[in-house]
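Could you put together the complete structure from these sequences and hints?
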Amino acid sequence: MEPRTPLLIVSPSPHLHAGLTTSGMMGTVLLALLPAAATAIYLFGLPALRVLLVCVLGSVAIEALWQKATDQPITVRDGSAALTGLLVAFNLPASSPWWLSLLGATLAIVVGKQVFGGLGHNPFNPALVARIVLLISFPSAMTHWTAPQPGRFLADAITAATPLSESQSAVMLSGHLPQHISEFSARYLLGSMPGCLGEVSALVLFLGALFLLWRGVISWHIPVSYLGTVTLLSGIFWLMDPGRYPHPMFHLVSGGLMLGACYMATDLVTSPLTTRGMLLFGCGCGLFTVLIRLFGSYPEGVAFSILLMNAVTPLIDRYVVPRPFGMDRGRELI
Amino acid sequence: MKSLLLIMVGAVFVNNFVLARFLGLCPFLGVSKKVETALGMGMAVTFVMVVASGCTWLLHYLVLTPFNLEYLQTISFILVIATLVQMVEMIVRKSSPVLYQSLGIFLPLITTNCAVLGLAVLNIQHNYSFVQSLVFAFGAAVGFTLAMVLYAGLRERLILCPVPRSFRGTPIELITAGLLALAFMGFAGMVPN
Amino acid sequence: MMAAMICLGSLGCVAALLLAMAARRFAVTIDPRQVALMEVLAGANCGACGFPGCDAYARALVAGTAKPDLCRPGGAETLKRIAAILGVEVTERPPQIAVMYCQGGLQQARPKYDYQGLQDCRAAQKLARGPKLCPAGCLGLGSCVQKCPFGALSIDARGLAMVDRGRCTGCGLCVAICPRQVLALAPATESIHVLCNNRESAARVKSYCNVGCLGCRLCVRTAPESFVMDSFLAQVRYGRGQPAVMAEAMERCPHHCILNLDEQGNDQILPTPPSARERSTP
Amino acid sequence: MICRSFPGGTHPPGHKTATAHAPSLICPLPAELVIPLAQHVGAPALPCVTAGQQVARGQVVGRADGFVSVPVHASTSGLITAVEPRPHPCGAELPAVVLQPDGEDAWAEEYQKQSFHVLSVEAMLERIREAGVVGMGGAAFPTHVKLDPPQGKSIDTVIINAVECEPWLTADRRVLLEQMEKVFTGLEILKEVSGAGHAYIGLEDNQPDVAALLAPHCQKRDIGLAVLPTRYPQGAERQLIYAVTGRRVPARGLPMDVGVLVQNVGTIAALTDAVTRGRPLIERMVTISGPGVIRPQNLRVRIGTPVAHLLKQCGVTEEPAMVILGGPMMGVAQHTQAIPVVRGTSGVLAFRRQDVPITTAGPCVRCGRCVAACPMRLQPTFIADYARRDELDLAERFAARNCIECGSCSFICPANIPLVQSIRYAKGAILARRRRM
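Residue numbers (this note's numbering), protein chains in the order written: chain A, 1 to 334; chain B, 1 to 193; chain C, 1 to 282; chain D, 1 to 437.
Please keep in mind that the hints were generated in silico from the structure rather than gathered at the bench.
Wrong hints could be hidden among the right ones.
Residues from chain D that keep clear of chain C, each with C-beta distances beyond 10 Å, as calculated [stated by the list, open to error]:
#, residue
1, K16
2, Q114
3, P150
4, R397
Beyond 10 Å from chain A on every Cβ pair, some chain D residues (computed) [unchecked claim]:
#, residue
5, P28
6, K191
7, T230
In silico SDA-like pairs for lysine to any residue, Cα to Cα no more than 20 Å straight-line [unchecked claim]:
#, chain 1, residue 1, chain 2, residue 2
8, B, K94, C, A22
9, D, K191, D, M180
10, C, K126, D, L392
11, B, K94, C, R25
Beta carbons: idealized from backbone N, C-alpha and C, even for Gly.
Structural data, given as structure tokens:
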């Protein structure tokens with residue numbers, strides 16, 4: 001065999017790529033969440049920073065360890081572990097001890113993601129898996145809220161209740177909403193209320209989501225249908241009895257709704273692929289959120305409703321399929 | 001009417017037989033490989049549950065109570081259920097051989113499906129009326145089918161996943177079932193038990 | 001006590017009556033031979049028989065629409081038992097296993113281009129007829145490895161598919177999937193093969209492969225009984241080979257493409273570790 | 001003005017400015033022309049010359065074999081040195097006539113220009129066939145077959161496909177600008193032959209200069225000018241028909257099923273030459289471009305010119321790592337530069353190593369971008385998944401066969417999964433299985 005000139009590369013068409021990468025998308029989401037993280041630190045001080053650091057670094061380290069242990073290529077550089085960690089942190093109260101944060105990161109990475117085969121294969125949102133497991137296993141630690149103290153990083157923590165749990169217990173005890181909740185106030189919008197790190201600053205989260213929409217990382221279908229359903233349903237209940245059911249705006253800005261609708265429900269891996277499927281998914285999330293918030297024993301229903309709809313996603317993917325171009329009916333499919 | 005709706009919703013979501021009461025786990029894990037099979041199993045169980053619920057209610061209030069034979073509840077209920085399951089098996093075998101094949105051993109095993117017996121006993125314990133017990137049975141069966149179908153959908157996705165060797169098969173299926181049950185915990189407290 | 005007995009007794013009677021009626025109404029007849037056949041078949045559901053599973057094959061057997069000798073993984077024993085159940089006469093077929101007729105690994109055979117894409121031979125074959133200059137050699141991307149239900153195939157260190165002769169059942173699935181027909185079934189008793197699949201002329205083969213059959217006919221001249229030419233490719237006449245003369249031909253083959261697979265030590269061919277193999281599948 | 005568009009699609013970068021505005025040049029003859037006998041869909045032509053024979057420019061060297069086949073002509077005058085298998089753009093080695101030009105470039109006969117109005121439809125079809133006119137957008141389907149629909153099908157609308165949606169390529173644009181008269185004459189011929197009442201020219205809105213130039217002419221001749229949004233694959237037949245007429249070609253059907261005929265700009269120009277002057281198709285416009293080319297340009301290239309010669313004409317920055325015939329989205333990467341330009345070659349692109357997209361596929365993150373991008377409204381990720389696992393039944397149920405292989409899904413996929421390759425394989429396997437059954 002005589003030597004030859006360098007071989008030409010032959011690969012299947014297309015020979016052009018949009019340049020989108022998984023890590024790039026994860027990075028954009030991280031970027032969109034940074035202002036919210038900063039807000040959380042501003043409101044809750046150093047404890048929030050600790051939770052954030054433990055969760056993010058913990059997630060990355062645990063993913064790397066797991067992949068090393070199971071003899072897989074280490075893929076922490078794609079940013080998905082960091083994003084999961086950040087979302088876990090956003091689902092924890094600022095007062096969480098370090099072990100709770102680390103446990104949350106471990107649950108999310110190991111139980112939520114890696115046992116299913118890693119990125120792209122988990123049926124449930126890892127951060128929400130962690131949140132629910134922790135909520136059920138450590139109810140007191142997970143509902144020990146501190147009041148935000150803007151800018152006072154070293155102040156002593158003051159225990160307080162979240163608006164949602166406040167309204168729930170008030171309705172349960174007296175049948176009526178407390179005065180300050182039935183009269184919606186703008187302070188909720190800016191996040192000056194107790195709650196998880198990612199539950200306090202609806203406005204900042206919303207701006208981040210707009211950034212993601214602009215960058216094309218998420219589509220509008222899930223957030224809009226989710227928030228729309230919540231507004232519609234809670235609006236109906238509010239009209240029926242404003243003394244008992246809070247204003248829709250209260251629902252929109254309180255609790256983890258904004259975080260859930262814009263960042264958790266839109267998680268690519270665990271949401272449907274088609275636009276119609278996404279709309280259905282968002283509506284389902286909205287429905288369950290309102291039902292759980294108003295009638296369930298948990299004050300907050302976002303995490304549960306997203307997990308529930310995650311479970312429905314395979315069925316949606318299967319039965320809500322687009323009609324191929326040039327085909328009369330979708331009958332040929334499935 | 002409102003109480004019937006609450007019973008229904010309660011049985012489907014809040015106290016889902018599989019995911020909240022953990023009854024009927026055997027077919028839940030056994031025949032949930034494919035959505036179609038899961039749906040078929042759900043249908044069969046729905047039929048058995050509703051008819052069994054009616055029969056056992058009548059049996060309890062028309063036969064056992066008048067003759068003070070409540071202690072025969074378990075054995076007589078099982079007898080009724082077993083008979084029904086046998087009939088369902090014959091019907092399925094005749095009408096849908098494919099479904100019969102895919103259900104396999106789990107079809108006769110509905111007999112020992114604790115969900116059915118549990119339902120019959122719960123009917124009596126809750127002092128449901130005849131109509132209420134039928135609605136409760138239907139709700140429980142729908143809840144069972146719902147859980148089956150959701151789980152089957154998840155499992156169909158699982159087979160595409162490169163699950164680590166030590167988690168392959170039953171371990172990952174149980175983890176998935178556990179997470180599904182966690183999601184259903186959100187309904188807790190929605191309907192007074 | 002009496003009441004309980006009467007109660008349960010009458011319940012039982014009613015149930016029995018209902019069931020008896022239902023049994024008559026929904027009666028289904030099933031051939032007992034089908035059940036027996038299911039016991040006998042290999043149960044691998046490999047599909048080598050052409051039916052979607054052992055069950056479907058059993059049904060076809062009972063219906064008389066399938067030949068009884070299609071269960072290759074089961075081999076002669078299964079065939080005998082199928083024949084016994086169905087009550088038919090069958091002639092035993094010699095067992096076969098798959099042979100990979102190529103030695104042109106990454107070091108031996110020259111590539112045509114730098115392939116980048118799906119790690120699948122059939123997909124690669126569609127791009128300019130495969131990334132190797134040799135039109136018939138093994139591409140080594142492992143479509144057969146993925147297809148084999150018995151784990152009898154692997155990609156060795158040379159970048160070639162390798163048949164584990166102990167595990168191969170001769171089901172032929174790899175033969176069907178290989179886009180270059182470099183895998184073929186041969187009698188299991190044969191161990192000497194001409195490991196080349198290229199029918200092109202010597203000049204062309206020399207230009208891209210160090211170990212391909214040149215069609216020089218040396219082996220045929222040495223052992224005319226044992227070898228036969230198919231255009232420029234020498235082949236062993238299975239069942240007629242004379243090992244002693246063949247050994248001489250093996251010595252004389254200029255490209256050393258006649259090999260005795262039994263003598264070849266396993267240390268020579270290193271299969272890739274299973275974990276690495278799994279990961280390489282897309 | 002029509003500005004409807006199709007569902008899905010992507011926006012690959014255009015890269016057209018390098019070649020869009022410079023007039024095309026005539027490519028000098030190479031030392032050797034390799035004229036494949038199979039340059040069209042259908043039966044390859046049968047060689048009718050032998051080695052050592054002297055041929056004139058335009059002389060038939062391979063005659064058509066059957067109805068769905070066209071003859072092949074000598075691209076210049078010269079000596080036939082061999083008739084043997086040579087590398088073909090499809091990847092295999094196929095029979096080709098090897099021609100050594102003598103430099104005379106003498107025509108076999110001098111054709112008289114005449115008006116097509118004096119010709120009957122049959123005579124025009126015969127001329128088109130004799131000239132070897134095939135679809136020059138890439139598919140290379142014999143034009144006379146397309147113009148002659150079977151009984152029961154009629155054509156009411158003709159669309160000229162000037163939508164050059166592939167990045168880098170500007171050959172159609174140059175043909176349209178430089179041979180506008182031919183295109184309009186060709187459109188008249190098409191209407192005459194097919195009996196269509198309506199005619200459109202489909203164009204993307206990234207070429208406003210061409211649109212402005214065409215507008216008065218179109219108005220004068222009652223031709224609809226459809227300036228469509230720039231989106232890939234706007235130039236795909238089904239998508240173009242939908243955008244221009246709103247008609248959906250059935251998934252298993254042909255454009256003629258909805259009464260539409262689509263022809264590429266280059267084809268129209270060649271068709272005009274064939275009908276009005278009797279000239280065979282021996283030359284075509286080719287864009288030579290890509291990041292590895294120093295002087296990207298449009299060349300009028302004789303059929304059979306090797307790619308290596310073209311790249312030498314335009315200069316390459318370094319030894320190219322990848323050579324593509326056609327556009328980057330649907331073109332075929334070649335394994336040798338000895339490949340000749342054929343009738344369906346619209347462009348030659350040279351990529352340096354750093355321009356070749358990396359193809360290490362990650363796991364699918366189910367982002368759904370492929371579903372959103374698919375112009376056929378399929379679900380590429382599922383089809384590809386099933387194809388990889390050899391679940392052909394499921395792949396078929398997800399309408400794998402409807403895929404037009406436009407490459408939008410692979411282009412957009414953030415995990416770099418070669419979706420098109422999997423789907424293409426599934427399509428082939430499904431068809432093979434059908435044929436077996």
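* Find the nearest Cβ of chain A to the Cβ of D:T230 and say whether that gap is larger than 10 Å. => holds (15 Å)
* To do: Starting from B:K94, check that the Cα of C:R25 is at most 20 Å away, please.
  => Measuring from Cα to Cα gives roughly 9 Å; hence the hint holds.
* Since D:P28 was said not to touch the interface, does its Cβ keep a gap of more than 10 Å from each Cβ of chain A? -> Nearest chain A Cβ is 24 Å from D:P28, so the label holds.
* Is it correct that the beta-carbon of D:K191 has no partner in chain A closer than or equal to 10 Å? -> Correct as stated: the minimum Cβ-Cβ distance to chain A is 26 Å, above 10 Å.
* Does D:Q114 really sit off the interface, with its C-beta more than 10 Å from all C-beta atoms of chain C? -> The claim holds: D:Q114 sits with its nearest Cβ about 44 Å from chain C, beyond 10 Å.
* To do: Please confirm whether D:R397 is truly not at the interface, meaning its C-beta sits more than 10 Å away from all C-beta atoms of chain C.
  => holds (16 Å)
* Asked: Does the claim that D:K16 lies outside the interface with chain C hold up, using a Cβ gap greater than 10 Å?
  -> holds (26 Å)
* Holds or violated: are the alpha carbons of D:K191 and D:M180 at most 20 Å from each other? -> Holds. D:K191 to D:M180 sits at ~17 Å (cutoff 20 Å).
* 20 Å Cα cutoff - pair C:K126, D:L392 -> Holds: C:K126 and D:L392 sit about 18 Å apart, inside 20 Å.
* Is the Cβ of D:P150 farther than 10 Å from every Cβ of chain C? -> Label holds. Min Cβ-Cβ 31 Å, cutoff 10 Å.
* To do: Given the hint that B:K94 pairs with C:A22, test it: the Cα-Cα distance must not exceed 20 Å.
  => holds (11 Å)
Hint check: no violations occur; every hint is consistent with the structure.
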